[in-house]
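Asker: Read off the chains here:
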Amino acid sequence: MELLSGADMIARFLKDEGVEYIYGYPGGAALHIYDALFRQDAVKHILVRHEQAATHAADGYARASGKPGTVLVTSGPGATNTVTGIATAYMDSIPMVVLCGQVASHLIGEDAFQETDIVGVTRPIVKHSFIVKHPTEIPTVLKKAYYLAASGRPGPVVVDIPKDMTAPTERYEYVYPKKVKLRSYNPVTRGHTGQIKKAVELMLKARRPVFYTGGGVVTGDASEALTDLVQRLGYPITTTLMGIGAYPQRDRQSLGWLGMHGSYEANMAMHHADLIVAIGARFDDRVTNNTSKFCPTAKIVHVDIDPSSISKTVRADVPIVGPAGSVISEMISLVQGREPANPEALTEWWERIDGWRDERRGKLYEPAAPGEPLKPQQVIEAICEATRGEAFVTTDVGQHQMFAAQYYKFDKPNRFITSGGLGTMGFGFPAAMGIKQNYPDDDVVCITGEGSFQMMMQELSTCKQYGIGVKIVNLNNQSLGMVRQWQDLNYKSRHAHSYMESLPDFQKLIEAYGFTAIRVEREEDLLPALERAFADKDELVFLDVYVDPREHVYPMQVPLGSMRDMLLSKTERT
Amino acid sequence: MRHIISILMENEPGALSRVVGLFSQRNFNIESLNVAPTDDATLSRLTVTTVGDDRVIEQITKHLNKLIDVVKLVDLTEGNHVERELMLVKVKALGAQRDEVKRTVDIFRAQIVDVTPSVYTVQITGDAAKLDAFLQAMSPIGVLEVARTGVSGISRGDKVLSL
Chain A
1 MELLSGADMI ARFLKDEGVE YIYGYPGGAA LHIYDALFRQ DAVKHILVRH EQAATHAADG
61 YARASGKPGT VLVTSGPGAT NTVTGIATAY MDSIPMVVLC GQVASHLIGE DAFQETDIVG
121 VTRPIVKHSF IVKHPTEIPT VLKKAYYLAA SGRPGPVVVD IPKDMTAPTE RYEYVYPKKV
181 KLRSYNPVTR GHTGQIKKAV ELMLKARRPV FYTGGGVVTG DASEALTDLV QRLGYPITTT
241 LMGIGAYPQR DRQSLGWLGM HGSYEANMAM HHADLIVAIG ARFDDRVTNN TSKFCPTAKI
301 VHVDIDPSSI SKTVRADVPI VGPAGSVISE MISLVQGREP ANPEALTEWW ERIDGWRDER
361 RGKLYEPAAP GEPLKPQQVI EAICEATRGE AFVTTDVGQH QMFAAQYYKF DKPNRFITSG
421 GLGTMGFGFP AAMGIKQNYP DDDVVCITGE GSFQMMMQEL STCKQYGIGV KIVNLNNQSL
481 GMVRQWQDLN YKSRHAHSYM ESLPDFQKLI EAYGFTAIRV EREEDLLPAL ERAFADKDEL
541 VFLDVYVDPR EHVYPMQVPL GSMRDMLLSK TERT
Chain B
1 MRHIISILME NEPGALSRVV GLFSQRNFNI ESLNVAPTDD ATLSRLTVTT VGDDRVIEQI
61 TKHLNKLIDV VKLVDLTEGN HVERELMLVK VKALGAQRDE VKRTVDIFRA QIVDVTPSVY
121 TVQITGDAAK LDAFLQAMSP IGVLEVARTG VSGISRGDKV LSL
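Going down the list, the protein sequences come from chains A and B. Residue numbers for the first sequence follow my numbering, so the first one is 1 and each next one is one higher. Residue numbers for the second sequence follow my numbering, so the first one is 1 and each next one is one higher.
Looking at chain B on its own, in the form it has when it is part of the complex (with noise of 0.2 Å):
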């Protein structure tokens, strides 16, 4: 099963060669990766979609968390949570194409960022598998670029990681 974890490190240098080297080292899956500082300085906060069964996903959180710069974790899907993923793709948007690109842009809630008599950039948000579908729907037009920025997440309600 997939699964989203968040974990909050130190912001130090070399923490994040120790997150990453661990899921090597120990033959477990990224998906994806996405980290930035917090509103905290001295935290960075990490979230790595990885898939594997419960044996698994429990040994990654039980060695994520005996890593000295990790200072707390949470597995999002666990609980409810809301998923974010950000993207930005180049498409072909030539003639009657152009037209066809900005409704299904309309469709999918997404928004034209940049434009060129041949181009369109489109930057859309959503959880993976809408990221995904719109991709697809893109595909027999031409898909030029995908920048994609890694799931983030957060968990719905009163629920927070903080220290």
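So that you can see chain A by itself, here it is in the shape it has in the complex (with noise of 0.2 Å):
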């Protein structure tokens, strides 16, 4: 029998669990637990500088490697500054766990010094959360949690740790639990066989079909046997932002990424399909622009491993509860051996989304001329070439996220990693730091804005404390791009607050760090910069590339209309 405190069980399971990395920030509620850590070596603590980054850099290191991110803060400030990656994490289905330090039990209600009712605070944010009641529950609580976190569709929990619960002078037994069983929770593992033969049937028989997949491909690991069931099928296919690269985008039957900013073809195949096999995508309004006008022709088969995902904005005709990868390998079963039933129509679809795409073959956007600014659009396409579409890129948010999802060629899953759902400016550098540690011999690229990476640029410093390479790609506009794109579209260029004056000088601040940095002005500089950053993969390098101000991120759906109501460019639209 082996006795432990509540800390030194923490750190106990942390390793039994097989946890590699905690990203955190100590703090008066948590000492107890950083003295357990600091104890042993099994597991590795990377100290950041502002509590947001440690979140978004255990996000960036769940999504590149599929196992749960873990966070460890303290009490009150140190918990709220996890909010934001929290609820970038929920948003995304992102499995990770949040250990936060809370006052002493005795004190909980008193308003004492950090303390917040986290556990409150987070509630609408997480999938679940514990406080822990006594030292004895710690390895239970904990094998919850990362069991929540991870299994059925993912999602962050937040395990609340009153001081007391950790202190030292307490030892109990401590047994790893191999297993635990929630009687309130048990995900399906497979989906309805009646419901799966259904919509084999109809994707059997369409004439017009689109396969439209998300991020639940990604984490569900069914990339190969999606890509198995589209392949036999023939048919055209279109993934979410969060799902690009579960479909290699190179391949002839990629339509590209589908909704606001996505690919002329990709929105025009959707709204005149007669059948939409949605997987692991939940009909977001970035996706289907107005609802009532969304693809008015087409049946829908909808497979989501969340009951709830489905028939929440738009009706599903099959809709089947189960996870892509099972349901995908069924599918698959099902269509072998079997041809689709009307192989002119498909002959005539593919002709037809074609001539979508001729329309728009070398128009999507307006090389720079000489001596005016580089385009940020042929920016991203030399960085995917530099690094040969292999990359993993991490995103901030706004138009430099849309370009880099349009001009980065992506054929595996898990490299576009971006915050999709809720948006969170601030999160591309630090999850970049999540994802270059646990793929060390890979370039990890994080391309990013002026205003994205002023918000958690801090993290420079974490990335000089454990000698993280990642490479940043600065697209400088000198406003917040997207911001001053809606203004010019809805305010008669009224710029409201979307400049960027008193800009840093980008260089100096980076080498500050002691980090090499690189300002990049004209296209004859941009590629000897490029290969200069990606030179050495274990160093750090800054690109600050001053791209034209006046770029917009085209097409764009037009609000209230239909998926095939797009901006084209300044002076298009369909």
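Since the hints were made in silico from the structure, they are not lab data. Beta carbons: idealized from backbone N, C-alpha and C, even for Gly. It cannot be assumed that every hint is accurate.
[Said to hold, decoys possible] Here's a subset of chain A near chain B, in silico, CB distances under 8 Å, partners left out:
#1 V119
#2 R123
#3 L148
#4 S151
#5 L182
#6 S308
#7 S311
#8 K312
#9 A316
Each of the two chains sits in its own frame; use the hints to bring them together as a complex.
Answerer: What follows is the structure in structure tokens.
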């Protein structure tokens, strides 16, 4: 029998659970736990410079590796600083466990120093939360937390730990719980066979089918199965922003991603489809545009692990509750040896789709004229080339995020890492740190803008401490580009607080941390700068790339319209 | 349409706030709510009446089911059920009003449970519509205070909501 304090139980549990990294920041209520971490070396703790960065780093780690991320913070401000990161993970269904120190039990409710009801604060943005009531509960509570975070539809779980629960003087028996059971929580492991059969019949009979797949395929590790199914049928596929890479984007059947700034052909195909097979996607408003005009001629098959996602915004004709992987595998076995019933209709469908592709070919953006500032789109294309399309790419939020998604071509899942649901500026840089630690031999690029980067730039210090060699490409347009774009379109170009005056000299700023920064203003400087940046995988390099502030992101769906109502450039509209 | 949803949930601190929070967070209505322990000490039963079309009610039950603390639930209005609410009402009872109140109480099969020279306290059970009707009947005389428990319900016949 082994007797451990609550704090040592936490450290020991994390080791037994196979946790490699914790991202965190110490403080009074967490000090017993920090002391326990100090006295072991199985679990590595990464000291961030702001608790929000800890959640984003853990999030990035989780997205790239598929394993839950772990965060450790103190009570009060330490805990409230994690809120944005928890909400980010919640909206994108990312497995994460956030351990929060709390004031001692006898002080709870007395407005004690650094006391916050963090379980109350985070209640609407967690999958579940726990308050530890007795040190002996710690192993089971933590096991439940990791189990809940990673299973079913993943999500963040908060564990609030009052300081007296971790007191070094009280020791109790520790046993690692190999399994936990929750009577009220039984995530589905497979879909309803009858429904899957019905869906497959519709798929084989379809004349104008489109696969529309989302983050559920990526988190469900179902990309290979999806690719197999889609290629067997020969149907077009579009993904959501969160689903990018689940199907190789360079393949002919891929229409790119869909929605507000999705590709012209993807949105047109969706609008004209007679069957939409949605897998692990949630018909988000940035995808559907006006739901009353959404895909008027399509029947909808909707596969999702979360029943509450089905028929939430758009009614499904064939709902299937189940994990993407097993449902797709079952679909494959039903499709095997059968052919689509309407080959001529499908040929015609592909002709229309190719027609839409041809309409926009070569017109996506106007390349920079000599002497003019670089276009953000060409910078992304150059990054894609410099990294052979194989890097992990994180982004912040705004125009640069959309450009990165549009012009970097991803053939693998988990490579495009972005805050899709919450749209959190400041996400990209700490997320890149979390990824780089798990994939030290890969290129990890944070594509950001000068607005977003300044929200989390203190993490340069963390990168310096742990030698984290991420690459940062700052698409510097000296303004909050997406806000500015909306102001151009909807507010007669009144740029209310979307400009970025008094920008720092990024080069000096980066150099102050001992890193290399290169300022790029001309086209001829771009490639050499990228070569320099990617020369050494272990070195943090920052490229401050000045781009045209007048550029807009297109296509852009017209508000309240259908999927096919899009602005295609400053002067063209569907 | 009005629905009565009965929920068995873990008798844990915070479970109630998760259920209530879900309704405000997702813009669902709560018309009445009651919650109490059951014969199983580990479970509480919560009954909520809410209003919404089929799509909204479907979302409500799905989201409730997603809460880790919710063990099982039933939409009682989907089948035959018994619905009851208890109300305590203080009404003015002076002079001739005293007989009038007593008569109305008898008609509604209610009971007077406390008496002072000027006030009767009435206890009445029934479905929500009956309680509303009683309040309406009393309003010309003068309703001083109302305490309602909110709707509780159970399905008719052999169907049971248990683990």
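Asker: Given L182 of chain A as an interface hint, is its Cβ closer than 8 Å to any Cβ of chain B?
Answerer: holds, 7 Å
Asker: Just to be careful: measuring from the Cβ of S308 of chain A to every Cβ in chain B, is the smallest value less than 8 Å?
Answerer: holds, 4 Å
Asker: Holds or violated: is the Cβ of V119 of chain A closer than 8 Å to a Cβ in chain B?
Answerer: holds, 6 Å
Asker: Close enough to count: is the Cβ of L148 of chain A nearer than 8 Å to one in chain B?
Answerer: holds, 7 Å
Asker: Is the shortest C-beta separation between R123 of chain A and chain B less than 8 Å?
Answerer: Holds, about 5 Å.
Asker: So, as I understand it, the hint says S311 of chain A touches chain B; can you test that by seeing if any CB pair is closer than 8 Å?
Answerer: holds, 7 Å
Asker: Does the CB of A316 of chain A sit less than 8 Å away from some CB of chain B?
Answerer: violated, 11 Å
Asker: Regarding the hint that K312 of chain A lies at the interface with chain B, is the smallest CB-CB distance below 8 Å?
Answerer: holds, 6 Å
Asker: Hint S151 of chain A vs chain B: min CB-CB distance below 8 Å?
Answerer: Constraint on S151 of chain A not satisfied, violated at 11 Å.
Of the numbered hints stated above, those contradicted by the structure are hints 4 and 9, listed in ascending order.
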